[in-house]
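Chemist: As a plain string of letters, each chain reads:
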Amino acid sequence: MSQLVLDKLKARFGAAILATHSDFGDDTALVEPAQWKAISTFLREDPDLDFDLPVDLCGVDYPSRGAAGRTEVVMHLYSIGKKHRIRLKARVGDEDMDGAELESVTSIWPGMNWLERETWDMSGVRFVGHPDLRRILMYPEFEGHALQKTYPADRIQPLVPYRTEEEAGVPLEKQAPFGPDEGMAFGRTANNISRAEVD
Amino acid sequence: MGDVNRTLALDASEQGYATTRVDALLGWARKYSLFAYPFVTACCGMEFMALTSPRFDLARFGAEAPRFSPRQSDLLWVVGTISQRQAPVLKRIYEQMMAPKYVLAFGTCASSGGFYDNYTTVAGIDKIIPTDVYIPGCPPRPEAVMDGLMLLQDRIARNERRPGIVKPRFDPVQAASGLVQLRRSAKDPSEVLPAIQQEEAKTKALREGGS
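Protein sequences, first through last, are from chains A and B. In terms of my numbering, the first sequence opens at residue 281 and continues consecutively. In terms of my numbering, the second sequence opens at residue 2 and continues consecutively.
These aren't lab readings, by the way, just hints derived from the structure by calculation. This structure is a prediction, so every number in the text was calculated from the model and none was measured. Mixed in with the good hints, there may be bad ones.
To be verified - Here are some chain B residues the structure puts well away from chain A; computed CB gaps all over 12 Å: (1) Ser70; (2) Arg86; (3) Tyr120; (4) Ala124.
Said to hold, decoys possible - Sample of chain B residues at the chain A side, in silico, Cβ under 7 Å: (5) Ala51; (6) Gln85; (7) Ala88; (8) Lys92; (9) Arg93; (10) Glu96; (11) Ile197.
Stated by the list, open to error - Derived list of chain A stretches under chain B, where covered just means 3 residues or more per stretch with a C-beta under 8 Å from a C-beta of chain B: (12) 419-432; (13) 440-448.
Ideal placement from N, C-alpha and C gives every residue a C-beta, glycine not left out.
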């Protein structure tokens, strides 16, 4: 679409822009996590760029990347005035999600507040400087982060103790919805990637 | 007066039918005065609206009056997916209801979690509260729900608390009658096995002929 945004970013931040592409017309920049907030501020305040609409923020887990930045935080921005978009990515965290931190951009776009909470809740990326970083979808008692690939697919954490099998009269173990030779590609065993397999 | 009462009570207990009669009377009364508490959480609610509207007319079964206070209701409709986060709320609502209370699982999600096989969905409300009738379907048609209600009424009238499942309108075993069977079949399974096998063979032949 418009190469302008990527050119301006590269001219301003140089080495902090690790890679760019415009595949399928979507301008994308992979950036240095340390510069996340500085780049966001620039995108918001530069009059030619003027990204005033925070569209989305989420985390994508790539366990195979290991120390190279396991979780990719993806941010989508749109400029209502200039009618252009950009996708910003930053890779954070090592194999154990240590150091998975980014500076919060809630002070730039207040709309990022809940999206950062969701990314923390689901992917376990901590946003430094966020005014109220609590879980937003899951309950406080929930352990772990459900969308990390290392979260076991069959692990549930009930808030209410389940009835015993005698009381319920039914088996309480989760039943596999499909047999091994039938059903859908998103069956539990297929998605249950363990760390051992990845490494 | 005291003597008269004592005599009557003795008579009744000796005859051995008084308790049964009262139970039957109570069951009959309860059956047609179900006050519903709709616990509607998901898309099945749309079908629930259709069900309670005049087209399907739940009033025919005496179960049309919703009570949005658990203390005034005796039938809990759990309509839709229950997440782990909602489970304490559902349990509390159930505990606040006054006995006798009945629970109806509306749709596949409430019955078994449906296709949600994940970290956040309760795989069936029977993990938390006792459930009387399960109505499968995603969502179930109003006819199926009315079958479920009639099944529940049947159970209330007979004072039976074993859980029941609404069967599909077409059941190979009951193909002869073509009606949904409200009472649990007393038949020996070996008696109906040939009929099932026959139906299976027919289905298999159809499938192979088609492909």
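Chemist: Each hint: holds or not?
Modeler: The hints, checked one at a time:
1. Ser70: holds, 22 Å
2. Arg86: violated, 5 Å
3. Tyr120: Answer for tyrosine 120/B: violated, closest chain A Cβ roughly 5 Å.
4. Ala124: violated, 6 Å
5. Ala51: violated, 28 Å
6. Gln85: Result: holds, 5 Å to nearest chain A Cβ.
7. Ala88: With a closest approach of 4 Å, the alanine 88/B hint holds.
8. Lys92: holds, 5 Å
9. Arg93: violated, 9 Å
10. Glu96: violated, 11 Å
11. Ile197: Given a least distance of 20 Å, the restraint on isoleucine 197/B is violated.
12. 419-432: Held - the segment 419-432 of chain A has 3 residues with a Cβ nearer than 8 Å to chain B, which meets the minimum of three.
13. 440-448: holds (count 5)
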